[in-house]
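Okay, here's what each chain looks like letter by letter:
Number of protein chains: 2
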Amino acid sequence: MFIVDCDCHNYWCSATVLEPYMDGVFKDMFVRGEKTGPSGAFPHAHRPWFHPEGFARHDINPVEEDDNYRLMKEKHLDKKGIDAAILTGDEAIEASTLANPYYANALCKAYNDYLIDYWLKKDDRFWGSIVVAPQDPQLAAAEIRRLGGHPRIVQVLVSHGAQRPYGDPFYHPIYEACAEMGLPFAMHLGGQGGVNSAPIGAGPSTFFWETHAILPQSAMTHVASLIAQGVFEKWPELKVIIIECGVAWVPSVLWRLDANYRALRKETPWLKRLPSEYFRSNIRLSTQPLEQPANVQHLWATLEAMDGENTLLFASDYPHWDYDDVDNLHIPPAWRAKVLGLNALDVYKRIVPPAAMLAS
Amino acid sequence: MFIVDCDCHNYWCSATVLEPYMDGVFKDMFVRGEKTGPSGAFPHAHRPWFHPEGFARHDINPVEEDDNYRLMKEKHLDKKGIDAAILTGDEAIEASTLANPYYANALCKAYNDYLIDYWLKKDDRFWGSIVVAPQDPQLAAAEIRRLGGHPRIVQVLVSHGAQRPYGDPFYHPIYEACAEMGLPFAMHLGGQGGVNSAPIGAGPSTFFWETHAILPQSAMTHVASLIAQGVFEKWPELKVIIIECGVAWVPSVLWRLDANYRALRKETPWLKRLPSEYFRSNIRLSTQPLEQPANVQHLWATLEAMDGENTLLFASDYPHWDYDDVDNLHIPPAWRAKVLGLNALDVYKRIVPPAAMLAS
Numbered sequence: 001m002f003i004v005d006c007d008c009h010n011y012w013c014s015a016t017v018l019e020p021y022m023d024g025v026f027k028d029m030f031v032r033g034e035k036t037g038p039s040g041a042f043p044h045a046h047r048p049w050f051h052p053e054g055f056a057r058h059d060i061n062p063v064e065e066d067d068n069y070r071l072m073k074e075k076h077l078d079k080k081g082i083d084a085a086i087l088t089g090d091e092a093i094e095a096s097t098l099a100n101p102y103y104a105n106a107l108c109k110a111y112n113d114y115l116i117d118y119w120l121k122k123d124d125r126f127w128g129s130i131v132v133a134p135q136d137p138q139l140a141a142a143e144i145r146r147l148g149g150h151p152r153i154v155q156v157l158v159s160h161g162a163q164r165p166y167g168d169p170f171y172h173p174i175y176e177a178c179a180e181m182g183l184p185f186a187m188h189l190g191g192q193g194g195v196n197s198a199p200i201g202a203g204p205s206t207f208f209w210e211t212h213a214i215l216p217q218s219a220m221t222h223v224a225s226l227i228a229q230g231v232f233e234k235w236p237e238l239k240v241i242i243i244e245c246g247v248a249w250v251p252s253v254l255w256r257l258d259a260n261y262r263a264l265r266k267e268t269p270w271l272k273r274l275p276s277e278y279f280r281s282n283i284r285l286s287t288q289p290l291e292q293p294a295n296v297q298h299l300w301a302t303l304e305a306m307d308g309e310n311t312l313l314f315a316s317d318y319p320h321w322d323y324d325d326v327d328n329l330h331i332p333p334a335w336r337a338k339v340l341g342l343n344a345l346d347v348y349k350r351i352v353p354p355a356a357m358l359a360s
Numbered sequence: 001m002f003i004v005d006c007d008c009h010n011y012w013c014s015a016t017v018l019e020p021y022m023d024g025v026f027k028d029m030f031v032r033g034e035k036t037g038p039s040g041a042f043p044h045a046h047r048p049w050f051h052p053e054g055f056a057r058h059d060i061n062p063v064e065e066d067d068n069y070r071l072m073k074e075k076h077l078d079k080k081g082i083d084a085a086i087l088t089g090d091e092a093i094e095a096s097t098l099a100n101p102y103y104a105n106a107l108c109k110a111y112n113d114y115l116i117d118y119w120l121k122k123d124d125r126f127w128g129s130i131v132v133a134p135q136d137p138q139l140a141a142a143e144i145r146r147l148g149g150h151p152r153i154v155q156v157l158v159s160h161g162a163q164r165p166y167g168d169p170f171y172h173p174i175y176e177a178c179a180e181m182g183l184p185f186a187m188h189l190g191g192q193g194g195v196n197s198a199p200i201g202a203g204p205s206t207f208f209w210e211t212h213a214i215l216p217q218s219a220m221t222h223v224a225s226l227i228a229q230g231v232f233e234k235w236p237e238l239k240v241i242i243i244e245c246g247v248a249w250v251p252s253v254l255w256r257l258d259a260n261y262r263a264l265r266k267e268t269p270w271l272k273r274l275p276s277e278y279f280r281s282n283i284r285l286s287t288q289p290l291e292q293p294a295n296v297q298h299l300w301a302t303l304e305a306m307d308g309e310n311t312l313l314f315a316s317d318y319p320h321w322d323y324d325d326v327d328n329l330h331i332p333p334a335w336r337a338k339v340l341g342l343n344a345l346d347v348y349k350r351i352v353p354p355a356a357m358l359a360s
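The listed protein sequences derive, respectively, from chains V and G.
Quick note: the first sequence, position 138, residue 138 per the working numbering, numbers continuous.
Quick note: the second sequence, position 242, residue 242 per the working numbering, numbers continuous.
Keep in mind that a hint or two might mislead.
A pair counts as met if it fits within one copy or between any two copies, since identical chains are not told apart.
As the list claims (entries may be wrong) - Quick list of in silico lysine to any residue cross-link-like pairs, SDA-like style, CA-CA up to 20 Å:
1) Lys266 x His51
2) Lys121 x Arg152
3) Lys266 x Phe55
4) Lys266 x Pro48
5) Lys35 x Val17
6) Lys75 x Trp321
7) Lys272 x Leu238
Simulated from the structure, these hints should not be mistaken for laboratory data.
Please read these numbers as outputs of a predicted model, since none were measured by experiment.
All chains should be built: construct the whole structure from the sequences, respecting the hints.
Structural data, given as structure tokens:
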């Protein structure tokens, strides 16, 4: 079985690793300007909800920069037999919270160059996500065209926190560039605060555990928007990947979208199919954190209702606090080959495993 | 079988019906001041998403005020054998969108007096919801105490659109008053715009059908907030009823709440039980609009995961466009007596049916 981890976080100890990849006024701002914290902090607006334990697993304690790879290799890649890991960075997507889109873009470019120069060279199992700042879709599109042809870059990544629902025409230059480069568009949980819209409805929640439970709301909005605005009619081959937003909410949203569309479709005459059909053909979700009900049959009925056998991609979320173990993933056993690897290979076309590995 | 319709809308043709129940400066503002539309419009901020067909069923066309009751009796109560109808008004809950809390409170008071004086006298099957303006929880509490002892008032009603998540301590005076009067606190879909927080995460969606599909997000926020803030530890007997927000999203939210609470419970040391346990004991949802997947077994597994047999209350949403017919409610047949009536009787204690009707 070929295992693809679709959400593997390549940490840094200090954001100063980006300095060599910056120049001009933005390097000056990055080195000398105000930051979110002390030296080494990445500049971004911050959520008002603070994780009460910190995000990293307690057994992952890098001291020097190279420890980040060493620990990942030892505690995750080698130990769990990961054959391909999609690197999703960590703080880089938080650039989406910055008011200055030019600075945000410069930070993303620096991260992408660092990713290619430092991380992708370290291990043949690594595949990269280029991060873009969606505040300026034209600049984001230029960055996608600048690096999207790199043979080990497999997706374009943003935070699921956003200024507008991602179907908005404002963002269409990003999809044009993704389609041109043959790359999926992925959003990862994050990017709360700053210029981004409130991530949940009805006002700011209070506690971290409470908030984290309902952050998938932003992903629901994006799913509805991408479908309703006809993004998948304009770019039928575009795949959108939703990372770390849970999965069990999907059927409830699709059922309402289908019912409402059937009754009121005159609002969006460009659509040719039911919302749930666009979902199945164009949207994928990473599994972590997979919901854990008392009765696994309730989860499996939900996964079946969203065609999880074909729409789910395994992700570990290494090295975060709520890491999902590939050996302990409670999906229907018959789905394992697809969810652990084959579905990812169908989306990330640049990952071509040895034929022998697929047969095993 | 005793059938309780937990969301039956008592319409008016013109909001001028409230004039006799107002006085002083607010009557002057109501009669002479700016409104949302022409004469007869109820003053409230409005959503930027407009229903492309209007909300009412096309076969319900009242011309004079008394037509509203006549049509409801003919096309719904008598025809469908409704034994008790919880009246939920219509535009009154939109007072929650107004910046001026004193005016909002005056409008709610006028509506409540009109409800008792005009509607509740018309039919022995009617039971009332007093509407309050949550912008000023102290005024709202006073209104609950003013009318909450009326023998045919069975709940306190607000919009699910809100300035803050309803668990916020800001709102606790409302729950204190509800507990004192022995009334459930109910929220009904609505109240988008004005001073209320954005109803969904990640920015404003675009189309009505798209938006309506994801409006349950605000209800998710309220469920998480009411539980996390310990409202059900402070008022263990308080029942919260969520109306017209769909139901299939509930398990996905409870699974995440339980998982996060288990890991990070130190944030909320006042809680003694799992979030899903507070849900089962204190929160109820009305069924309409019940989700309609292609495979009803997917829905039933979802309903089972939320203990729907005990947490669901039948609602028709008469006379709205997406009316649910009691004769065509796709719930497990064995649950019908509970969902159609017994669960409501357990929550609305003032409704006491003849013993003979319960036996049949």
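As a check of your reading, is Lys266 near Pro48 (CA-CA no more than 20 Å) within one copy, between copies, both or neither? So Lys266 and Pro48 pass the 20 Å test across copies only (18 Å; inside, 40 Å).
If the cutoff is 20 Å on CA atoms, where do Lys272 and Leu238 land: within, between, both or neither? Let me know, please. For Lys272 and Leu238, the Cα distance is within 20 Å only inside one copy (16 Å; across copies 47 Å).
How would you classify Lys266 and His51 at a CA-CA limit of 20 Å: within, between, both, or neither? between (44 Å within a copy, 11 Å between copies)
At 20 Å max between alpha carbons, let me know whether Lys121 reaches Arg152 within a copy, between copies, both or neither. Result: close within a single copy only, 10 Å intra versus 73 Å inter.
Is it within a copy, between copies, both, or neither that the alpha carbon of Lys75 lies no farther than 20 Å from that of Trp321? within (14 Å within a copy, 56 Å between copies)
How would you classify Lys35 and Val17 at a CA-CA limit of 20 Å: within, between, both, or neither? Only inside one copy: Lys35 and Val17 sit 15 Å apart there, 58 Å across copies, limit 20 Å.
Homomeric proximity label, Lys266 with Phe55: Cα distance no greater than 20 Å: between (45 Å within a copy, 15 Å between copies)
Of the numbered hints stated above, none is contradicted by the structure.
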